[in-house]
Amino acid sequence: MAYITVRPPVIPHRVALATEDPVLYMELAALLKEGGLPAVSVRPGDEVPRTVGVVITSPDEAGAIEHPHVVVVRTDTDRRALVAAIVDDLDPDHGPDRILVGIDPGPRPGYAVVSGRGCLARGSLDSPESAGGLVVGLRGEFPGRPIVYRVGTGDPVARNRVINGLLAVGATVELSREEGTTPRGRRRPRDAEAAMRIAQHPGR
Numbered sequence: 001m002a003y004i005t006v007r008p009p010v011i012p013h014r015v016a017l018a019t020e021d022p023v024l025y026m027e028l029a030a031l032l033k034e035g036g037l038p039a040v041s042v043r044p045g046d047e048v049p050r051t052v053g054v055v056i057t058s059p060d061e062a063g064a065i066e067h068p069h070v071v072v073v074r075t076d077t078d079r080r081a082l083v084a085a086i087v088d089d090l091d092p093d094h095g096p097d098r099i100l101v102g103i104d105p106g107p108r109p110g111y112a113v114v115s116g117r118g119c120l121a122r123g124s125l126d127s128p129e130s131a132g133g134l135v136v137g138l139r140g141e142f143p144g145r146p147i148v149y150r151v152g153t154g155d156p157v158a159r160n161r162v163i164n165g166l167l168a169v170g171a172t173v174e175l176s177r178e179e180g181t182t183p184r185g186r187r188r189p190r191d192a193e194a195a196m197r198i199a200q201h202p203g204r
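Just so we're aligned, residue 1 is where the sequence shown starts under my numbering, counting upward by one.
Worth flagging that the hints you see were computed from the coordinates, not collected in a lab.
Note that CB positions come from ideal geometry on N, CA and C, so glycine has one too.
Honestly, I wouldn't trust all of these hints.
Simulated restraints, written as ranges between beta carbons of each label pair [unchecked claim]:
#1 Pro107 <-> Arg50: 20 to 28 Å
#2 Pro143 <-> Pro202: 21 to 29 Å
#3 Val169 <-> Asp21: 27 to 35 Å
#4 Arg177 <-> Pro59: 41 to 49 Å
#5 Glu27 <-> Pro143: 17 to 25 Å
#6 Asp21 <-> Gly140: 17 to 25 Å
#7 Glu34 <-> Gln200: 19 to 27 Å
#8 Pro107 <-> Glu20: 35 to 43 Å
#9 Gly63 <-> Pro146: 29 to 37 Å
#10 Pro146 <-> Ala30: 30 to 38 Å
#11 Thr172 <-> Val40: 19 to 27 Å
Take these sequences, add in the hints, and give me the full structure.
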């Protein structure tokens, strides 16, 4: 009797770093490590392992890579939006659903980028005004996807600075009440956690 071995399908879950630029490589390797994203290294032009769901590379090396999900990293690519795009591409069921961005106002606002499948990226902005840069970066990484920015109502001065920065670049903005969104803990991780909850609260 012949036996057939059924192997489970390989689910691409890693990110491949494909660049021979040492400066870019070190920067992206640190970025992936900080985001907890499993990574492998390949040379541009080499065969990409089946476990790889996304390949990130430089503009000059992108033409040598054969893979359905290649993310080109330019000098002006927003690194926060880059992480969100990578996590989104790693999801085999990712689709055209809208993206929600929660922002917890403060001197260094917390932010969280959320899709229907969970959190894509989170962290802290350098200043309330830098929220506009996040808009530009996400718009470049998710062309055609509707993006809504929900800003918490706390810290009125910082909140207004955030909103002005968002409106200046044409973002869709909602205000989300912060009651029950602020967890306990150290400031910066707490801000990012609060931002994720703000993103999930319907605004007005």
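For a quick check of understanding: which of the numbered hints are violated here, in increasing order?
1 and 11
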